[in-house]
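So the sequence lines, in the order shown, correspond to chains A and R.
Numbered by the working numbering, the letters in the first sequence go through residues 12 to 669 in order.
Numbered by the working numbering, the letters in the second sequence go through residues 12 to 669 in order.
Rather than coming from a laboratory, the hints here were simulated on the basis of the structure.
One copy or two, it doesn't matter: identical chains are merged, so the pair holds either way.
Simulated pairs of lysine to aspartate or glutamate, EDC-like, Cα-Cα distance not exceeding 20 Å:
#1 K666 / D598
#2 K666 / D600
#3 K344 / E375
Protein chains: 2
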Amino acid sequence: MTIDPSRLAPMANAIRALSMDAVQAANSGHPGMPMGMADVATVLWDQFLKFDPSAPDWADRDRFVLSAGHGSMLIYSLLHLSGYERPTIDDIRNFRQLGSPCAGHPENFELAGVECTTGPLGQGLAMAVGMAIAERHLNATYGDELVDHNTWVIAGDGCLMEGINHEAIGLAGHLGLGRLNVLWDDNRITIDGATSLSTCEDIPARYRASGWHTVECDGHDFADIARALGEAAADPRPTLVACHTIIGKGAPHKQGTSATHGSPLGADEVAAARAELGWTAAPFEIPENIAQDWRSTGKRGTDLHRRWEERRASHSRGSEFAAQMAGDLPSLKQFDAYLADLAAAPPTVASRKASEMALGPLTEAVPAMIGGSADLTGSNNTKTKATGPLTSGDYAGRYLYYGIREFGMAAAMNGMALHGGIVPYGGTFLVFSDYCRNAIRLSALQRARVVYVMTHDSIGLGEDGPTHQPVEHLASLRAMPNLLVMRPADAIETAECWQLALQRADGPTLLALSRQNLPAIRIDVSENHCARGGYRISAASAPRRVVILATGSELALARDVASALEEKGIGADLVSMPCTELFDAQDADYREDLLPSDALVVSIEAGATFGWHKYVGRDGLAIGLDRYGASAPAEVLFPHFGFSVDSIVPEILSKLNT
Amino acid sequence: MTIDPSRLAPMANAIRALSMDAVQAANSGHPGMPMGMADVATVLWDQFLKFDPSAPDWADRDRFVLSAGHGSMLIYSLLHLSGYERPTIDDIRNFRQLGSPCAGHPENFELAGVECTTGPLGQGLAMAVGMAIAERHLNATYGDELVDHNTWVIAGDGCLMEGINHEAIGLAGHLGLGRLNVLWDDNRITIDGATSLSTCEDIPARYRASGWHTVECDGHDFADIARALGEAAADPRPTLVACHTIIGKGAPHKQGTSATHGSPLGADEVAAARAELGWTAAPFEIPENIAQDWRSTGKRGTDLHRRWEERRASHSRGSEFAAQMAGDLPSLKQFDAYLADLAAAPPTVASRKASEMALGPLTEAVPAMIGGSADLTGSNNTKTKATGPLTSGDYAGRYLYYGIREFGMAAAMNGMALHGGIVPYGGTFLVFSDYCRNAIRLSALQRARVVYVMTHDSIGLGEDGPTHQPVEHLASLRAMPNLLVMRPADAIETAECWQLALQRADGPTLLALSRQNLPAIRIDVSENHCARGGYRISAASAPRRVVILATGSELALARDVASALEEKGIGADLVSMPCTELFDAQDADYREDLLPSDALVVSIEAGATFGWHKYVGRDGLAIGLDRYGASAPAEVLFPHFGFSVDSIVPEILSKLNT
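Please take these sequences and the hints and turn them into a complete structure.
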């Protein structure tokens, strides 16, 4: 390893120059972090990171995660300087402008080389834990020849103060993820001022308490950085490298203060910084010798990639590996057989149990699936025969005991999905979607195939009471763009929803499943009806005046309500609506046919009515629960809160007569 | 201190008997934790906890928080045995049944003596941090004679694994909350099995890294427990007491296993446990000598309470203290003057700035208000002249630098509000309501007066891009029962919303505030129009065909749209809707008058349209953003996403013509 400060210092200054100039041009952004971590990042890129700028999606590349995503100009600079096709210098000139891939925070869907979307603090690190799990699992499955890479993270004080970081490092320490190294930008500054305003924590001691190795370095001494990163790479434990840095390093009057964190330096200070750094090139220009030194950093990786590609081509499982990394699903024939069996003898089971039943053939057929639960394995029904425990002693396992770490679990799943080669699913109670909500949002924003198995999806949970009974959760999750919320009504719908979730390669799906048993309603399996989001279960016999719309556990009740109306000569269609988002995507004719304007539309769902008026209109009837639940057996709670034929039919009749 | 095991052991066994019998009768619940922690809780109650069963709301009582809320039978047993009026033995017989205050998890609104609602893991501990802050602040304000108590927490492995616990202990360690002691039920068992399935953490080492004192004890040795709790009480730092326990202690065949965690023991094991414990009394019966020993535990506190009440009665600030603890608001005359000034010269300011302006006179007038921000003080505009920093060196301060700990902040605010004497408010970006969502839910469920100052409330945030731009958040929060979501449109509405938030003693309010400047629209301050949730800003001049409905930053756009329609001879009312929940609470006439069925209703809000069809109906027009935003200046983004007169007017015309 050659550490030549006279070569590295100008390279680091190129990052500083691009960062302060781009922020200045945008009149918005965060120069402090890229300038502070420029030296560390330069050593990482030049000496340690395995990457091929000409093949950003090379499966065996190291993963680099900028968890402190506000310092986005750091990664844009690194990608541009080291020769990635994008961002171009014009992209950087247009930093934070509409149409530029150089968004305010790094977005995986904008730029190859950005492994995940960061900005919500702590989650980059937590996703990196997932990437490191994926790496070890695929290594255990396919061997060193195909999978043998590291995961590097740059994190700030904010990432380390967020609760999710506790969950993430606990998981990483427990699983012994030695390929994971976190470079902590230890600059003692947060937005509000000195870190001493809000924390006294001995961060390395905390990491050691979770089974991590820790080292430190002077973040502005290239040799010391290289030593520390070398120790990090060599140690069999995950490593935290405390990089002592000066935020905004190079800006003579503002460095070391929170003034550099989130605002442009200003023209005067930029000029002063150029003088301080000896940087004479015009804004957005990189002197050719420095540009060449930067482009040379990719050479090591390009060579390694070529040799790796040769190994893969001749490897007996090389194609299989490539297909798994591409996210291809194997044949689901076994699953079709399972569906046929269901249709032959539709069972009365809880949909969480139906999910377990569906997962049996699915996890057997799809080796990419890795399951888990946040300490509710027996309640979420997420474990199957095919998924043995994934532990520090056996990374080939396919089931993660995530512990009581919902947010860490969700973020790790995002990381696994984005790493590639893994289709993660994980469970908790639906009410605790609150605990991991922003990670679900990041699944949706990042277009990651993650399946959330959220059980105990209503007051049907019963005795555990209002803290554990979701009320507003279905509504609040349906409001989230690009997340499919599915609430199947019986075993066949549950199987169909699982199939749709797996087939959806570009986004997450959340399955809301019952604790309590549900009768079988669907019989026909000729077609996946759930794919349309909503569909008619039965048409009115008497002239249609009402359409009853329901999801999940309330479909059976809706069926009884429809029957009661029919008995009174009031025609009532019954519509199952397992996924409103998929229904909204149907054409207008289909939607109008299902929910005709001339009928009274009634929705029934044991949750907030919020959102249902889109289907029932101002004149319809949205039956739900717009208050918190109570602690009692489920069979007591449903009628208590009005979920009974006796309560609902009169409401409908009264509505019809007004 | 007299530790007499021959007296304490039967007392502890009374807890065990009640717990296993109640769970058995309910056929649902968690016997393992109460049985495991019975010995520790008995020592705490008998020797340390300051409480008066005849006055559960005594201001200077110690606060006891059962963070591991699933072990609810522990606290129900303790309250009943030590002589609180409720729960009665019949309440306990009806554990987990509709109407019993002995809900599945402890609920503060069901039982005096339950300081907060627990069950969502980690949050009890985090609320206790808030209670301990409140105690130190009120102590600094009113002195030892009136305020001098401890906060005791029982927490399980789940509480300590959740991310929020990292945030909470970091805050507590930093603030040096020596009156806070956490008794960790260190039983090495979680639901999925041994803790070794999911963690290798050295928990005490982590606590020490955050500035805590740690001790340990044999959780089944009364003298050792007493020694450890004594050391905890004496140490000036917050203390973690690792109580080594056996889960389900006393159930001979199941103790020490996760089988005792969350299921009834079964009749055979209950019988075996009675034999093991030498407990011969019938279910729900407590032998009189044991009952007497239990009732004697309250004597110490009853005496202390009497002496305290004498001190308070003769204290120069005794009445003031009582009023503050009761949550009474002082006169807001200064605030009325501020409102009049606004009306005289309505400013063009961001609503976050308007919030800061309103907070000036409010924090000056209301000493109970304690502000703060999760490291976004300058962005959330939460700090005022009256609120100096609350630090370990000066607890009299009224501003908390919460650090990058949104969840910890929200839970601490719940704890402060529930302690009494404090009206907490705290800020972060609206998008990061995701990070503290379940604590917001607990504010609402617990009916706690907490004000959330959530700024940067739409794509108006601009360049930071989609990770930082809320889209679904307004909808998802409106779906939450008992939370008021307010999105004021200008400085006067912001002031009115602040007034409503403070006056709301029985629940939380969330203010969604803009980053960008907003023109003044309201002038009239004769009445708080926001109190009705929605109100007409201007009536149509031409015959009314359209009602335009908007919130916050879109009200000005809506005004321009209405003007453009009027110019075309299409009458359009303009309605401001700062709070849909308050509007829903108005009578039908008011609502129909504002949103008449014969007009086309159009809503405009820069967020998900989800939920707006309740007002616009199936035939109306909900204009919003049903996708993630983008990184660009706000003034580019609004028209880009269709928020412009040029985009909206044609949509309305087309709708009118169909």
